[in-house]
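With the hints as extra help, turn the sequences into a complete structure.
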Amino acid sequence: AQKITQTQPGMFVQEKEAVTLDCTYDTSDQSYGLFWYKQPSSGEMIFLIYQGSYDEQNATEGRYSLNFQKARKSANLVISASQLGDSAMYFCAMREGILNTGFQKLVFGTGTRLLVSP
Amino acid sequence: SAVISQKPSRDICQRGTSLTIQCQVDSQVTMMFWYRQQPGQSLTLIATANQGSEATYESGFVIDKFPISRPNLTFSTLTVSNMSPEDSSIYLCSVRAPSGRIPYNEQFFGPGTRLTVL
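Chains A and B, in that order, are what the protein sequence lines are.
Start counting the first sequence at 69; every next residue gets the next number (this note's numbering).
Start counting the second sequence at 1018; every next residue gets the next number (this note's numbering).
Check each hint, because a few of them may be wrong.
Here are some, though not all, of the chain A residues that point toward chain B, as calculated from beta-carbon distances under 8 Å [what the hints assert, rightly or not]:
| # | residue |
| --- | --- |
| 1 | F103 |
| 2 | G111 |
| 3 | E112 |
| 4 | M113 |
| 5 | F115 |
| 6 | Y118 |
| 7 | G120 |
| 8 | F159 |
| 9 | K173 |
| 10 | F176 |
| 11 | G177 |
| 12 | T178 |
| 13 | G179 |
These are computed hints drawn from the structure, not numbers from a lab.
These figures come from a predicted structure and were not determined experimentally.
Positions of the beta carbon are idealized from the N, C-alpha and C atoms, including for glycine.
Now the structure itself:
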């Protein structure tokens, strides 16, 4: 079964509008971490935001916020006030068993390509 | 966040040859990870490299094809051996590193090595 599901292969948004990129996950662990990365055409993976399963508040980093709904197993990324430079691929990822140092692997979703138009 | 550099940034290689990719981190880290991203795909973990011990390979990846060295806490190399066109990918080095807010949970990636095999 897919651990990380990103159902939107592509999304379009106008500059200055907000956009939500969907991510659902599947795990039986109680402790896990969720990540969002941005990958521009250059290929680098840019860390955006992290949410731990025990974090009581939704993570925020500048224009990025993570809408964490634990019961629904969803971790959607919200980008406010989109900019042209936000056009890129966005990957959701999960690390299971964060309290167990033996589990280190990040599992990635298939990504969502975001295009911001003027 | 950790500053990670990779060399080379890109290369075009002939079938049957080998390429060694270097990864340098600006701080000491226990574990370094090597990921592969095939064209149009998501990221897949190749192996985890601990200093002073053999790397741990994921299913589908073997040491003969992807030998890894980890001579110290800031450096690792990944060799792609006996290359074929199917090895054309972006290869990314990654580390868990302390951040100002949540030490050792966030994970960062190097800029990647874009490999094309002819």
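Hint check:
1. F103: holds, 7 Å
2. G111: Holds: closest Cβ of chain B sits about 5 Å from G111 (chain A), inside 8 Å.
3. E112: Status holds, d = 5 Å.
4. M113: Hint holds; M113 (chain A) Cβ to chain B Cβ min 4 Å, cut 8 Å.
5. F115: Constraint on F115 (chain A) satisfied, holds at 5 Å.
6. Y118: holds, 5 Å
7. G120: Status holds, d = 6 Å.
8. F159: Hint on F159 (chain A): holds, closest Cβ of chain B at ~6 Å, below 8 Å.
9. K173: Given a least distance of 5 Å, the restraint on K173 (chain A) holds.
10. F176: holds, 4 Å
11. G177: Nearest chain B Cβ about 7 Å off; hint holds.
12. T178: holds, 5 Å
13. G179: Nearest chain B Cβ about 6 Å off; hint holds.
In this structure, every one of the numbered hints holds.
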